[in-house]
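Given these sequences and hints, build the entire structure.
Now for the letters of each chain:
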Amino acid sequence: MPDPTELELTAQELSEHEAESVIETEFHRGRAVLVVDPDKVRPVLSFLQGKGYTFLASLHGVDYYPHEPRLGVLYELLDMHRVERISVKARVPTDAPRIDSVVELFPGAEYPEREVFDMFGVEFDGHPDLRRILMPEDYEGFPQRRDFPVGGEPVLFTFNEQQSYGKDV
Amino acid sequence: MEIRRTALPENFRSRQLKAREMLRGDLEGDDLERYVQERVVTTTVDRAVAWARGNSFFPLTFGLACCAIEMMSIVAARVDIARFGFEAFRASPRQADLIILSGRVSIKMAPVIRRIWDQMLEPKWAISMGACCSSMGVFNNYALVPADKFLPISVHVPGCPPRPEALAHGILRLRSQIQGHAPDGWRERYDAEGTEEVLPRALGGQGAGPDISLFSGMAPARPDQARPDAERAEGRRGDTAGA
Numbered sequence: 001m002p003d004p005t006e007l008e009l010t011a012q013e014l015s016e017h018e019a020e021s022v023i024e025t026e027f028h029r030g031r032a033v034l035v036v037d038p039d040k041v042r043p044v045l046s047f048l049q050g051k052g053y054t055f056l057a058s059l060h061g062v063d064y065y066p067h068e069p070r071l072g073v074l075y076e077l078l079d080m081h082r083v084e085r086i087s088v089k090a091r092v093p094t095d096a097p098r099i100d101s102v103v104e105l106f107p108g109a110e111y112p113e114r115e116v117f118d119m120f121g122v123e124f125d126g127h128p129d130l131r132r133i134l135m136p137e138d139y140e141g142f143p144q145r146r147d148f149p150v151g152g153e154p155v156l157f158t159f160n161e162q163q164s165y166g167k168d169v
Numbered sequence: 170m171e172i173r174r175t176a177l178p179e180n181f182r183s184r185q186l187k188a189r190e191m192l193r194g195d196l197e198g199d200d201l202e203r204y205v206q207e208r209v210v211t212t213t214v215d216r217a218v219a220w221a222r223g224n225s226f227f228p229l230t231f232g233l234a235c236c237a238i239e240m241m242s243i244v245a246a247r248v249d250i251a252r253f254g255f256e257a258f259r260a261s262p263r264q265a266d267l268i269i270l271s272g273r274v275s276i277k278m279a280p281v282i283r284r285i286w287d288q289m290l291e292p293k294w295a296i297s298m299g300a301c302c303s304s305m306g307v308f309n310n311y312a313l314v315p316a317d318k319f320l321p322i323s324v325h326v327p328g329c330p331p332r333p334e335a336l337a338h339g340i341l342r343l344r345s346q347i348q349g350h351a352p353d354g355w356r357e358r359y360d361a362e363g364t365e366e367v368l369p370r371a372l373g374g375q376g377a378g379p380d381i382s383l384f385s386g387m388a389p390a391r392p393d394q395a396r397p398d399a400e401r402a403e404g405r406r407g408d409t410a411g412a
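Chains A and B are the protein sequences, given in the same order.
Under the numbering used here, the letters of the first sequence match residues 1 to 169, in that order.
Under the numbering used here, the letters of the second sequence match residues 170 to 412, in that order.
Hints in this document: simulated from the structure, not taken from any laboratory.
All residues carry an ideal CB built from backbone N, CA and C; glycine is no exception.
Just so you know, not all the hints are guaranteed correct.
What the hints assert, rightly or not - The following label-pair restraints were derived from C-beta to C-beta distances: (1) B/Pro327 - A/Asp129: 37 to 45 Å; (2) B/Asp249 - A/Arg98: 56 to 64 Å; (3) A/Glu137 - B/Ile285: 19 to 27 Å.
Unchecked claim - For the chain B half of the interface with chain A, some residues (derived, Cβ under 10 Å), not all of them: (4) Ser275; (5) Ile276; (6) Lys277; (7) Pro280.
As the list claims (entries may be wrong) - Counterexamples of contact, computed for chain A against chain B with all Cβ distances above 12 Å: (8) His17; (9) Ser21; (10) Thr25; (11) Phe27; (12) Pro43; (13) Thr54; (14) Ser58; (15) Glu76; (16) Arg85; (17) Pro93; (18) Asp95.
Have a look at this one:
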């Protein structure tokens, strides 16, 4: 992990390279996070890749309900020579959940981006094949959002055993 | 039913000779009748076929989740399902006649299972194993469907996961369903008649007791209407005895 000083230096370099790309930095429990502008995620990751963070270890979504903007897309980067990790976080609102795809930089991001689209509804601009990956293709809604009902089926007990599944009795 | 046991004849050799006599056609009259009554069992083809079917399930090699680990161990030494003739797990649905849904079924997996089920040849049976498959257990959320929604399940084996002994018991339950008279309701099947919950009379009940019409599929309305087919069978047997 980079220490807080190095995180600030990285953020400084990034701001010089791409103006107003870093919104803030977080350093919590040894984990360095760069909160970046969602419109500038591709140049930021390209810069970090050139700096040595060549491996995208994970790409995932988060719903920060009730905080706004609600959705977050997290990129966990790893520098395999120095063995250092850095997280890049981009927050997008639910009414326009769009962010640039990074498949061109990291080809392994294709399936994780599809999963984030499947579960949170974040649309990745420039993704080669943005479809649902886990849920059925005709599924409606994004089930990992916090305002999505947990769902499930009523379980048949003795008092309602007559109403079999698929029948209205 | 009273069971009478008679001592085996000591002289096995003389029995052998008597069997040869009968096969040659030398045994006649009372001797022949006694011989036949002692040694021949009459049955119907249906019952014989059901007996054979119930003793030779070919389960499908098909696992969904952690229950599959328990399902695999029923063929191992401890709960040796080969004792009953069910050890031949077939890798093709065309050759299998029993599907054990061992695990949680997701929305996306359900059509696949249904397709496998449709590829199996009749007669075929399904066992739902574990809590997830029957009632979705701890995964009761947007991703799962209960097995009852897309397959006719014969036996539900509860547990999370069920022990191998429980699954073996479920398979033996299925065997007795196939071999014997299989009642429609689960209460009759599990000797649980009389455990119906008493519902409020506002739901349409007339008398003071529980409204039995709600359970029309489960229990007979009057005891004397219990089994019309059984009564008919009794009558037939009486006629035959009279004639």
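How the hints compare with the structure:
1. For the pair B/Pro327 and A/Asp129, the beta carbons lie near 42 Å from each other, so the given range of 37 to 45 Å is met.
2. Against the hinted window of 56 to 64 Å, the Cβ-Cβ separation of B/Asp249 and A/Arg98 comes to about 60 Å, which satisfies the hint.
3. Under the hint 19 to 27 Å, the C-beta atoms of A/Glu137 and B/Ile285, about 21 Å apart, fit the expected range.
4. Below 10 Å, beta-carbon pairs count as interface contacts, and B/Ser275 has one with chain A at about 8 Å; its hint therefore holds.
5. Against a cut-off of 10 Å between C-beta atoms, the interface hint on B/Ile276 holds, since the closest Cβ of chain A lies about 6 Å away.
6. Annotation: interface hint on B/Lys277 holds; nearest CB of chain A at approximately 5 Å, less than 10 Å.
7. Annotation: interface hint on B/Pro280 holds; nearest CB of chain A at approximately 9 Å, less than 10 Å.
8. Distance to chain B confirms A/His17 as a non-interface residue, since its nearest Cβ pair spans about 42 Å, more than 12 Å.
9. With a minimum CB-CB distance of about 36 Å to chain B, A/Ser21 clears the 12 Å threshold, and the non-interface call stands.
10. Interface exclusion of A/Thr25 from chain B stands, the closest Cβ pair being 36 Å apart, more than 12 Å.
11. At roughly 35 Å, the least C-beta separation between A/Phe27 and chain B is larger than 12 Å, which holds for a residue marked as non-interface.
12. Every CB of chain B lies more than 12 Å from the CB of A/Pro43, the least distance being 37 Å, so the non-interface label holds.
13. Chain B leaves A/Thr54 outside its interface by the beta-carbon criterion, the shortest separation being 34 Å against a cut-off of 12 Å.
14. Every C-beta of chain B lies more than 12 Å from that of A/Ser58, the closest at about 21 Å, which supports listing it as non-interface.
15. Residue-level check passed: A/Glu76 sits 25 Å from the nearest beta carbon of chain B, beyond 12 Å.
16. Consistency note on A/Arg85: stated as away from chain B, and its beta-carbon is indeed over 12 Å from all of that chain's, at 31 Å minimum.
17. With 12 Å as the threshold on Cβ separation, the claim that A/Pro93 sits away from chain B holds: the shortest Cβ distance comes to roughly 23 Å.
18. Residue-level check passed: A/Asp95 sits 22 Å from the nearest beta carbon of chain B, beyond 12 Å.
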